[in-house]
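K.L.:
Residue strings, one per chain:
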Amino acid sequence: MERIVLPEIENLHLIDVYVQNQGYTAVKKAYSQTPDEVIDQVKKSGLRGRGGAAFSAGLKWSFMPKTTNKPKYLCINGDESEPGSFKDRQIFEYNPHQLIEGILITCYAIGAKVAYIYIRGEYHKWIKLMQKAVDDAYAAGYIGEKMKDNFGSDFSCDIYIHKGAGAYICGEESSLMNSLEGQRGYPRIKPPFPAQNGLWGCPTTINNVETITNVPPIINKGWEWFSKIGEPKHPGTILYGISGHVNKPGVYELPSGTLLTDLIYKYAGGVPGNKKVLCVIPGGSSMPPIRGDQIEGVKMDAESLKLVGSAIGTAGVMVMDEDTDLVKVLARISKFYHHESCGQCTPCREGTGWLEKILNRLVRGEGTSDDLDLLISVATNIEGNTICALGEAAAWPVRFMVTRFRDYFEERVKKNISLPVANKVHSMRETAIPLADVSK
Amino acid sequence: MEFKFTEENLQKINSVLTKYPTKKAAVMPVLYIAQEQNGWISLEVMKEVASILEISQEDVLGVVTFYTMYHQKPMGKYHIQVCTNVSCMLRGAYPLYDKVREKLGINNGGVTEDHQFSLEEVECMGSCGTAPMIAVNEDFYENLTVEKAEEILESFKNKN
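From first to last, the protein sequence lines are chains A and B. If you're matching positions, the first sequence starts at 1 in our numbering and goes up one per residue. If you're matching positions, the second sequence starts at 1 in our numbering and goes up one per residue.
Hints listed in this document are in silico derivations from the structure and should not be mistaken for laboratory results. Keep in mind that a hint or two might mislead.
Stated by the list, open to error - Quick list of in silico lysine to any residue cross-link-like pairs, SDA-like style, CA-CA up to 20 Å:
#1 K4(B) / L61(B)
#2 K125(A) / M69(B)
#3 K328(A) / K415(A)
#4 K72(A) / T18(B)
#5 K163(A) / V114(A)
#6 K128(A) / K19(B)
#7 K248(A) / K275(A)
#8 K306(A) / F193(A)
#9 K125(A) / N143(B)
#10 K163(A) / Q72(B)
#11 K113(A) / P21(B)
When you get a sec, could you build the whole thing from the sequences and use the hints?
P.N.:
Next comes the structure, spelled out in structure tokens:
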């Protein structure tokens, strides 16, 4: 299987090696076409965003106004803070120049003269690696004024790296823009959307690191080639980050639509001790969890996961074996969203705290059956009532976990479960709720 | 205590300012430069940053209090961060965190009396595939066991 984003080439992070492997040729090819032609190819390729929403990248670019007297901006979202996601750091480390080349092409397509790469502050090492790559590309004349000579076009742009400072919410695009502007990272009300009113009130496009790293191969090898990889409705490869109870956790670049069971058993080496899978969160901690007895045949792409009542998110797959205490896991997830709520909207600010409090009660063994309904009620009242999607991110795991594992939670509350013996997957099959029914 | 940037850092700030169309946008990188020089963000640091960037002190305070990576008190020489989020938790982060607490004799947010160590329970650091992990200042230590974590702490203790 061919790898697109993280090819198996030694020392590809070095600019010389990257150039020897057709590096910086796609940008030249793109610059010989009109921006609209470039956008059109990316649109036809079917490339969808890899940051969580899986929105068509080419369509997003086409929202940028063609005529405006304001400067335009491109933001690359490398905040990567969703628990279970650790894919972008592989790109910073192993293939930074393909990201830079993707940025150069995107800037041309949307007419942006400046691009910011927003990288989470904790990634000190990867910020340094990425900065080195940007510096090398400047020195080689691939970024800045000198690129005009190199690529035979009038177009030039600059790339800067902005270091975050530990706020999960800054991965939300409007919050990211506020953070870049030097403010608290509060999400903005939409509309207006970034393409109309983004950074400093100017048209702005925000794309995920992995999305943009896919662009140079699309330009070089053509959209037809890309659109034939993996699932037709969500083509290309995906960087699946698999963590938790598997023998070989890590990032695997595989075609979209790879079977979840293949991911766990074929690539990640199965579950330690051959234990059963109790629960899988397929796309980072905010995505609806799937029951271990229902992972058979589940494909890992945006459309297929929708069918089973979950979502691809950032493709950060968390696997939990049969001895996992789901109540503790859910309490930990809720602690996270409570901690990261920016506090603007009451339902999220207060609700995330309540969820954490109730779940901690359950962890201590002081919960009741009513608490389970209360959890669902609080979660439901957060959803859709907040400015940004952190509300959903906090509510979904609670609502879906409690609904889909209701039997487990009931037993736990009634103290019928003597951990780690009783929470076996097979004991719950009869009470399992068909997944499609509980999706919104 | 009054805070002034060193000459070298003032030059760094000038080069940072060229990246953004407004001075205000440089507040995060400038605060990082200040934290590197001063060790933490004091009220005096915020005043100086505000005056250099020509923004209000409240704006700077707002940024400092929003982001967890700006320290509002002096931290230890070695700032130990332990991730306990789900992926790490599933691979034993809590026993590891307990051991670190026991070994250092401090709790979340605490600083040892000799100011050598401080401890923070952090959210997901992006080491899910190499969990569990601790970070010492800027460096990640991954694929840990309780024993390995102990060894790492010992090695920093012996450095003093």
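K.L.:
Hint by hint, say whether it matches the structure.
P.N.:
Results of checking the hints against the structure:
{"no.": "1", "hint": "K4(B) / L61(B)", "verdict": "17 Å, holds"}
{"no.": "2", "hint": "K125(A) / M69(B)", "verdict": "15 Å, holds"}
{"no.": "3", "hint": "K328(A) / K415(A)", "verdict": "14 Å, holds"}
{"no.": "4", "hint": "K72(A) / T18(B)", "verdict": "17 Å, holds"}
{"no.": "5", "hint": "K163(A) / V114(A)", "verdict": "16 Å, holds"}
{"no.": "6", "hint": "K128(A) / K19(B)", "verdict": "17 Å, holds"}
{"no.": "7", "hint": "K248(A) / K275(A)", "verdict": "15 Å, holds"}
{"no.": "8", "hint": "K306(A) / F193(A)", "verdict": "25 Å, violated"}
{"no.": "9", "hint": "K125(A) / N143(B)", "verdict": "17 Å, holds"}
{"no.": "10", "hint": "K163(A) / Q72(B)", "verdict": "19 Å, holds"}
{"no.": "11", "hint": "K113(A) / P21(B)", "verdict": "12 Å, holds"}
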